[in-house]
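So you can see what is in the structure, the chains are spelled out below.
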Amino acid sequence: MLIVHVAVTVLLGIGAFFLLVGSIGLLRFPDFYTRLHATGKCDTLGGGLIILGAMIYHLFQYPETLLVSAKLAFLIFFVFIANPTATHAIMKAAYKTGVKPWRLGEERR
Amino acid sequence: MKFKGKRFGILLTFCIMAVFWVLLSGIFDAFHLISGLVCCAIVSLISHDLLVKGESEKKLLKSLRLLIYIPWELWQIVLANIDVAYRVLHPRMPIDPQIIEFETTLRGDFSLVTLANSITLTPGTITIEVEPDRGKFVVHAIGKEPADALLVDQTMQKKVAHVFMETAVRTEDLPTRK
Numbered sequence: 001m002l003i004v005h006v007a008v009t010v011l012l013g014i015g016a017f018f019l020l021v022g023s024i025g026l027l028r029f030p031d032f033y034t035r036l037h038a039t040g041k042c043d044t045l046g047g048g049l050i051i052l053g054a055m056i057y058h059l060f061q062y063p064e065t066l067l068v069s070a071k072l073a074f075l076i077f078f079v080f081i082a083n084p085t086a087t088h089a090i091m092k093a094a095y096k097t098g099v100k101p102w103r104l105g106e107e108r109r
Numbered sequence: 001m002k003f004k005g006k007r008f009g010i011l012l013t014f015c016i017m018a019v020f021w022v023l024l025s026g027i028f029d030a031f032h033l034i035s036g037l038v039c040c041a042i043v044s045l046i047s048h049d050l051l052v053k054g055e056s057e058k059k060l061l062k063s064l065r066l067l068i069y070i071p072w073e074l075w076q077i078v079l080a081n082i083d084v085a086y087r088v089l090h091p092r093m094p095i096d097p098q099i100i101e102f103e104t105t106l107r108g109d110f111s112l113v114t115l116a117n118s119i120t121l122t123p124g125t126i127t128i129e130v131e132p133d134r135g136k137f138v139v140h141a142i143g144k145e146p147a148d149a150l151l152v153d154q155t156m157q158k159k160v161a162h163v164f165m166e167t168a169v170r171t172e173d174l175p176t177r178k
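These protein sequences, in sequence, are chains A and B.
The opening position of the first sequence corresponds to residue 1 in our numbering, with each subsequent residue numbered one higher.
The opening position of the second sequence corresponds to residue 1 in our numbering, with each subsequent residue numbered one higher.
In case anyone wonders, no lab produced these hints; they're calculated from the structure.
Owing to the predicted nature of the structure, the values given are computational and were not obtained by experimental measurement.
No residue lacks a Cβ here, since even glycine has one placed at the ideal position from N, Cα and C.
Any given hint could be a false lead.
Claimed, not checked - Covered by chain B, per the in silico footprint, the following chain A stretches (three or more residues, Cβ under 8 Å): (1) 21 to 28; (2) 39 to 53; (3) 65 to 72; (4) 79 to 93.
Unchecked claim - Below, a list of computed lysine to aspartate or glutamate pairs in the EDC-like style, where the Cα atoms sit at most 16 Å apart: (5) A:96 with B:109; (6) A:100 with B:96; (7) A:92 with B:96; (8) A:92 with B:131; (9) B:136 with B:103; (10) B:159 with B:73; (11) A:92 with B:101; (12) B:144 with B:96; (13) B:136 with B:96; (14) A:92 with A:31; (15) B:136 with B:101; (16) A:96 with B:129; (17) B:159 with B:145.
Take the sequences, apply the hints, and build the full model.
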């Protein structure tokens with residue numbers, strides 16, 4: 001049981017770390033496109049790891065309700081498909097409306 | 001052959017929907033199971049071609065290859081996140097954003113979607129636009145190395161082409177370079 005708790009804590013910790021890094025990147029990066037790099041990627045893995053931690057915890061703590069873990073697994077699957085698609089859609093909308101990408105040496109916006 | 005492909009599509013749709021029914025309902029008595037299976041059968045007979053399109057062969061082999069491709073993709077996602085975390089937390093922010101364009105020989109809907117989503121999830125690149133007719137990709141890269149990985153190495157294009165059994169990407173075959 002201790003090993004499970006340690007593993008779940010580590011997963012939740014790493015997930016929270018990546019979400020934090022995504023938020024810092026959102027604030028630090030210079031323009032729209034690079035900010036999407038930070039949020040689009042870190043949210044996928046961060047959210048996925050947190051759900052994975054919740055799944056493992058539920059699996060060992062309440063083994064009688066296996067279906068909840070299965071539903072959480074599907075949640076991870078859908079997040080991993082929906083997140084890059086949404087990132088791509090936002091990026092394409094910005095590109096079509098003519099948001100200029102930031103180049104090295106320019107001032108941040 | 002056409003009929004065989006269709007039957008596989010119906011079967012696959014039915015299996016996926018039945019699994020979803022059982023998982024999401026969570027009630028295992030005879031009434032709910034049977035009514036669910038009947039509904040799945042009706043829906044998969046009517047609208048199986050929404051999920052499995054066309055009658056191209058070797059669908060089973062393609063699905064198996066996709067299953068092998070997914071763990072590699074997951075590892076790439078981990079690498080991508082470490083890469084972004086490094087760029088975010090580094091005091092000088094080592095980024096050099098650029099927009100690159102390249103053409104692939106992929107034409108299938110599903111393979112283009114897989115490649116586009118894989119590009120978005122792998123280190124330092126996000127797909128901006130896909131033109132399905134010419135297989136042209138417009139990609140925003142956050143630095144020089146991720147851009148080179150797509151333009152020069154083309155590992156990902158080759159892997160996706162292998163999964164969907166389309167011709168691999170080779171620069172000298174492209175009409176623009178001749």
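- request: Would you mind confirming whether the straight-line C-alpha gap from residue 159 of chain B to residue 73 of chain B stays at or under 16 Å?
  value: Given that 16 Å is the threshold and the Cα spacing comes to 10 Å, the pair holds.
query: Does the structure keep residue 159 of chain B and residue 145 of chain B at a Cα separation of 16 Å or less?
result: violated (19 Å)
query: Within a Cα-Cα threshold of 16 Å, do residue 136 of chain B and residue 103 of chain B meet the stated pairing?
result: Holds, at roughly 4 Å.
query: Is the hinted pair residue 96 of chain A and residue 109 of chain B satisfied, with a Cα-Cα distance of at most 16 Å?
result: violated (22 Å)
field: Given hint residue 96 of chain B paired with residue 136 of chain B - CA-CA distance at most 16 Å
entry: Status violated; Cα separation ~23 Å.
query: Would the pair residue 136 of chain B and residue 101 of chain B pass a check requiring their Cα atoms to be no farther apart than 16 Å?
result: holds (7 Å)
- prompt: Can the restraint linking residue 100 of chain A and residue 96 of chain B be considered satisfied, given a maximum Cα separation of 16 Å?
  reply: Holds: residue 100 of chain A and residue 96 of chain B sit about 14 Å apart, inside 16 Å.
- prompt: Are there three or more residues in the region 21 to 28 of chain A whose C-beta lies closer than 8 Å to some C-beta of chain B?
  reply: With 5 residues closer than 8 Å to chain B, the region 21 to 28 of chain A meets the three-residue bar; holds.
task: Would you check the hint for residue 96 of chain A and residue 129 of chain B, treating anything up to 16 Å between C-alpha atoms as holding?
output: holds (9 Å)
message: Given the hinted pair residue 92 of chain A and residue 101 of chain B, is their Cα-Cα distance within 16 Å?
response: Cα-Cα ~14 Å, so holds.
query: Counting residues of the region 65 to 72 of chain A whose CB is closer than 8 Å to a CB in chain B, do you get three or more?
result: This one holds; 3 residues, not fewer than the three required, reach chain B with a Cβ under 8 Å.
- prompt: Keeping to a limit of 16 Å between CA atoms, is the pair of residue 92 of chain A and residue 31 of chain A held or broken?
  reply: holds (15 Å)
When the structure is compared with the earlier hints, violations turn up for hints 5, 7, 13, 17 and for no others.
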